Amino acid sequence: MIDYLWLLIALPLLGALTLIVLGKRIGEPASGWLASTLVAIPFIMAVILAVPFAGGAETEHVYVFSWIPVIGANASLLWDPLSALMALIVTGVGGLIHIYSIGYMHGDDRYPRFFGYMNLFIGSMLTLVLADNFALMFVGWELVGLSSYLLISFWFSKPSAAAAGKKAFIVNRIGDWGFLVALMMIFAAFGTLDFAIVFARAGGVLSVGMATAITLMLFVGATGKSAQLPLYVWLPDAMEGPTPVSALIHAATMVTAGVYMIARTAALFELAPVSLAVVATVGALTALFAATLAVGQRDIKKVLAYSTISQLGYMIMAVGLTALTAGIFHLMTHAFFKALLFLAAGSVIHAMSSEQDMWKMGGLRKYMPTTFVTMVIAWLAISGVFPLSGFWSKDEILGAAFAKGGWFIGLWAIGVITALITAFYMTRLIILTFFGEKRWDPDAHPHESPSTMTIPLMVLAFFAAVIGLWNTPVRLGLEHFLEPAFENVTQVHALGNLTVTALALISLAVVTVGILLAYHRYGRGELPAEDGGYWAAALDGYGVDDLYGKVIVAPGKAAATWLAMIFDVRVVDGIVNGLAVVTKAFGSSLRVLQTGWVRSYGAGIVAGSLGVILWLLLRGGAF
Amino acid sequence: MNNASFLAVAPEVILLAGALLVIISAVMLEHSRKEWGFIAGLSFVVAMVLSVLQWRAVDTLIAEGNDLLFFSARNLPVLRLPMVVMDHYSAFAGFVLFAVGLLGLGAAWRLVERLGSRGAEFVTLVLLSVAGLHMMTMSANIIVMFLGLETASISFYVLAGFTRERPESDEAAVKYFLLGSLASAIFVYGAALLFASTGSTSFYGAGGMKNFFVTTILGEPGVLLLGIGFVIVGLAFKVSAAPFHQWAPDVYQGAPTGAVGLMAAGVKVAGFVALGRILIGALPSQIDDWAPILAIIAGLSMIIGVVLAAVQTDVKRLLAYSGVSHAGYIMMAFVAGVDGIGPMLFYVTVYAVTLVGAFAIVGVVSRHSSGGSPIEDWSGLSRRSPEMAWSMLILLLAMGGIPFTAGFVAKLSSFTAAASADYLWLTILALLTTVVGLYVYFRIAATMFLNAPDEDAPAIEAPTPARMTIAAVVVTVVVLGVDPWPLLDLVREALPL
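First to last, the sequence lines map onto chains V and D. Last residue of the first sequence? That's 649 in the numbering used here, and every number before it is there in order. Last residue of the second sequence? That's 561 in the numbering used here, and every number before it is there in order.
With the rest of the complex left out, here is chain D:
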């Protein structure tokens, strides 16, 4: 144990401490909603600062020749299994996750206020889920990754069903739980098979998977291949890639709108980062095995996501399907191997931020108790609330990949990565589905700007935290669209160990 090992887990510690404080304050103080928000917000901000410190510390550790792996069983020389890794990759992912958590909390604040005393549980679950997500990204061992995955998933199951009075919410939670359990089971099975073939649960270290392939050539790779396949399936479920996506629209639609943005965005970031950790961090030598699987899943996701988004009449479902297609665009970067990590991180960052903003706007615009957001609610939004309409327009343009939004740069770098890895068919497919995607997004834009508002449409009121979230997202999306280079330079360095 040394100082760096404390820093490696410090963000988790902070989030867990924040979660405990929220519960305690809910018990001790009455009417303490503002305090929960303050504690949770502060925890996220401190965690973000810690991510920056981690990034810096990694530079010093490398310069001094120190190890980036922690909690290995040093007393057992045979095993030497590191559990946690602190590298630029995890620090970057941490920063994004904590920022998404902060933005998501802002978007969900009206829900928290409406929930009354149960709001404390909601805030606690948000903190715990983000801690779990970050644990996935900093794991050096597949068991730790699974623990993180489950911590986050169980929190999300509960969050999806948080508005218990609505049957749709219950249904969403149960569906998410049942299908999520199936996916988790598949993931664990894959992890077991990986252990069976490599003799290790750790990615790194002397006895880790990465090292195993440096020294060994498997004559009979069947067990290994199945392990890789199942791990991919488990994570593909979490990021809602096709054909493992079917839960997403039902859950997005049924779950409380305030929670959906955080759930959808956070799990995409952590899921893809974890996928990169396993495939690029531990199994880079097996790229010829896993890249075609990802390419096919990516292609399917693009087609199914975009085609089904085109026929949706509910904006929340539409965003779910659009998320399936975006999962495809992000996944296609992986086929370029380690060169795809930068584009993947850029895309997933931009998309996560955009998605949180979009769901924040959905939450402001649609106040139906049923939880859905039928497209009629959006009629003539430009006249009812020009700021919401314009913000949504910018986010839709970003999702469509229009230049001068961050979405364009994200698509461009992801497509370039796939093209340079000679996956031309995938690149062309991505371009074609992007064009169809524009139709999907412009349909909402047209409804907002061209249709007349309903006579009895309720007035739009945006609470301040949601406003701040939306403003921050819109500014980020535009700034990164105009000058993406600082972030592009950053993600180029953020490679897994």
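This is chain V alone, in the form it adopts within the complex:
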């Protein structure tokens, strides 16, 4: 069965092709179900193929076809516990979101096209995580960028959606540039792009400087895709896409590609302590920075967007600490609870006829009980309340930072503060949405969503609650599962039981404080008027977009205008036109020889022969 691993990628891509070409004929509910089936089958296959890893099965390299063997880049897939786990998350969470979309996208003009793009994304993401070499990984990397662009600007008739898609694409190009440069350096150093060879030889081949250069470039790629400082700006805008897209791509899967990539290439990062420090620090700062922004948002999806950036910061920090299992663990729990938060938020938006402003919600718990209950579970999970999933994974990261000691204790402190802010803004979101007065438009008629939407919510809620128990300090299930994938890397682990318990108690206390503060501020009748000062700045994203606009975009546009209007027209076109003119003039003069007379053609042949004879005479030494 492992020989058919390529079906995991092929089936969703086939679905994408079918739905994009024939979608109109397949029609509304059918195309949604077709797309969901083509994600469900890979999920089932992934489950069957992943089970042997629990019994300690070997890593598999599945050769599909030869592509560019000279540079070690074949269409060859890697099936180890890490890629298996990623494939399970992508197809599992992805499949649920597909089913949810069947209800959510109901009535959209381009319903089949939406599912075509969603399938394209799943196929691309699976290419990224299953690739057995850097080249194929890059193919997946670019394809997820493409499908992300298509889906963000899915409602492209809205100018803001079109602009958001463009922004995401362009900002990601910067990251892709870094990744590409890293690839070239890796090829220059190793002469191949094959994972197995590169990682096995890394220690012997790379100097510390070279390793640092390569890994920093890889990290540039990761900051783009995983929305880290300073390239995070595209993610909040990406919320212009349909909500299932936000859940699937901009929360659960694609944005974690950077985390996955660093974990996959940990053997290189290990050789470059400087890079690791940069990664961990950027992750921690992003976590804190984005959390402070999440507090001030009024749009429910914007809160979740900044929250995602913040949580990704945790994961990046974890892989930077070489606490790879912790990072992947948080990636997994986050995939469940953040997808759930987005889908539940989508359910609310759906019920409120596309209202996203939390100031115009309130008191919704009675009208949508399922959404309310599932979202509460997600809230507790992300806040890190014992014993839900977020508690275990976040504490493992914080424990790793603490265990590393030295100045990493500072990163731990940042993480703890972030946890407090996280609990605060999530509580704020829940209270503003579901409790208190009804502040909505009297014409709105909130209602519970259809079962295609609520069932995925319940499944996700179940996992968001319990998945953390897979890897607790008492029973390190995930750690053992992932062991073969990270066997070449020395990981950081949390300290002994006493410290772990103490740290857990500290973060629980901090979380409690966060929740109580939020309750104190929002839960007691009158809402505070949040305007001016910090609130205005946060709504504006601290003006980072404006800053980038002035410092980078404006000069860039001016340069592009100069290139297009002056340089291209005068110099490039000049050269090209000149070449064409010269060629044509030359051609016209040669054309004179083409008389159409046999005798002149015969003379041509004789003249050519004479030329050949002349050369041979010279060569033979006749002169």
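Hints in this document: simulated from the structure, not taken from any laboratory. Some clues are possibly wrong.
[Said to hold, decoys possible] Here are the computed distance ranges between Cβ atoms for each label pair: (1) V:I223 with D:E128: 34 to 42 Å; (2) D:I466 with V:V608: 18 to 26 Å; (3) V:V597 with D:I492: 16 to 24 Å; (4) D:T279 with V:I28: 56 to 64 Å; (5) V:S614 with D:D518: 39 to 47 Å; (6) V:V597 with D:I281: 31 to 39 Å; (7) D:A510 with V:V608: 16 to 24 Å; (8) V:S614 with D:L106: 45 to 53 Å; (9) V:S614 with D:I281: 24 to 32 Å; (10) D:L93 with V:V608: 57 to 65 Å; (11) V:S614 with D:L93: 48 to 56 Å; (12) D:L117 with V:G600: 52 to 60 Å; (13) D:L84 with V:I223: 58 to 66 Å.
[Claimed, not checked] Incomplete in silico selection of chain V near chain D, CB under 7 Å: (14) S92; (15) K610; (16) G628; (17) G630; (18) G634; (19) V638; (20) L642; (21) G646.
Computed from a predicted structure; not experimentally measured. Backbone N, C-alpha and C fix where the C-beta goes; we use that ideal spot for every residue, glycine too.
Based on these hints, arrange chain D on the given structure of chain V.
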């Protein structure tokens, strides 16, 4: 004589038998056009299968230590001249030639139907010409090669003038015949001089040319050098390399469109394979003599082909000049010696297939009785017949050497071969002319996609055989562009003995 010797000539036998059957059926049966097509198509398919069997048989023959040379005069120990060789090289070339023949027949089918009872002669000539072309590739003796060359050439002279009612067609045939005879004469003269200097007409065997240079160092190589030069000139004419190319545009334009694709593609394959047989098979030791000649001819072909293609207003003439430049790109692979054989075979295969497809599309698009295909005919083709426009676009991209078409891989491997043989100037020239070539091809593409169609433009109707040819070519070009490795591995093994 043994079984393998039958297999060595089996494809020729099949094609000749097919040709006879077509003539007989034309005499015996009335309205038997479908049967001609069936017989000819089947002959080509069987010949292709036989090529595959030949390839396999060569492996066994080598493994068992048997000879790959046949029909040597064993009773005369002094001479021992083999006439025919069956190696991977000839088997590969055979497969390509028969496939080109099949595709070309598909492209020409509308012409055959229009010709009425004379169609049988046309089909017969197609079969005979391909048999001749293959004979060139499997010859172990320069006289056999000449016989093959003439068999093919005479068939092509007739095919070029087949639509006798059109004066352009007659003119093309006469021109082709007169100039072709001159080139054949030069080739024979070269063969005679080779015999004069080496004492053999055979390439292989104990008394053959290859062996001669192993045992002998010529003090006065003048006769040999002239022989090499004239043989090169003769074959360079056939593959329309500059400065021996001038016949090509006139003949391509005047000859019936249905026949041109097969003529142009088939003769390029056989011509280059024969050149490789002589130079790499028999005269590898003289590479320093012949490589510079080929390099200069290749360079001239690239420049002249591309520059003159840029000013053409007729697509058939444009393809003729583009063919001159492609002859240059193919020829440049030879300067790498035996390492250039693989790239040469790859390029010539891809180009031949592309060319047959392109002329099939020309035949569909241009139905003028004058035989030309002025570029105005192509205006707005994307709206008149999107499938033809897109197919042509893919073939043009392949000729231009755009990635993800087979043309890119072909150019890449040929250029790499020349560069690794230290012919850097040639490689750079090839790159520059490739860029100019893109202008040539995009001009047609722009006409097809950007210009509005003429009001009174005739409707495009593609007969099924032409459609099948075009589809097969487009698929081949794209598949080989995405995954060229199987073919690249194959041509690496297809070396002349």
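For each hint, the structure was consulted:
1. V:I223 with D:E128: 34 to 42 Å: With a Cβ separation near 40 Å, I223 (chain V) and E128 (chain D) satisfy 34 to 42 Å, so the hint holds.
2. D:I466 with V:V608: 18 to 26 Å: Hint holds: Cβ distance 24 Å, inside 18 to 26 Å.
3. V:V597 with D:I492: 16 to 24 Å: 22 Å, holds
4. D:T279 with V:I28: 56 to 64 Å: 58 Å, holds
5. V:S614 with D:D518: 39 to 47 Å: 27 Å, violated
6. V:V597 with D:I281: 31 to 39 Å: 57 Å, violated
7. D:A510 with V:V608: 16 to 24 Å: 20 Å, holds
8. V:S614 with D:L106: 45 to 53 Å: 49 Å, holds
9. V:S614 with D:I281: 24 to 32 Å: 50 Å, violated
10. D:L93 with V:V608: 57 to 65 Å: Distance hint for L93 (chain D), V608 (chain V) holds at roughly 59 Å.
11. V:S614 with D:L93: 48 to 56 Å: Because 53 Å falls inside the window, the suggested range holds.
12. D:L117 with V:G600: 52 to 60 Å: This hint holds: roughly 59 Å between Cβ atoms.
13. D:L84 with V:I223: 58 to 66 Å: 60 Å, holds
14. S92: Cβ of S92 (chain V) sits 5 Å from chain D, so the hint holds.
15. K610: 5 Å, holds
16. G628: 6 Å, holds
17. G630: 5 Å, holds
18. G634: Hint on G634 (chain V): holds, closest Cβ of chain D at ~4 Å, below 7 Å.
19. V638: 4 Å, holds
20. L642: OK, holds: L642 (chain V) within 7 Å of chain D, min 4 Å.
21. G646: 5 Å, holds
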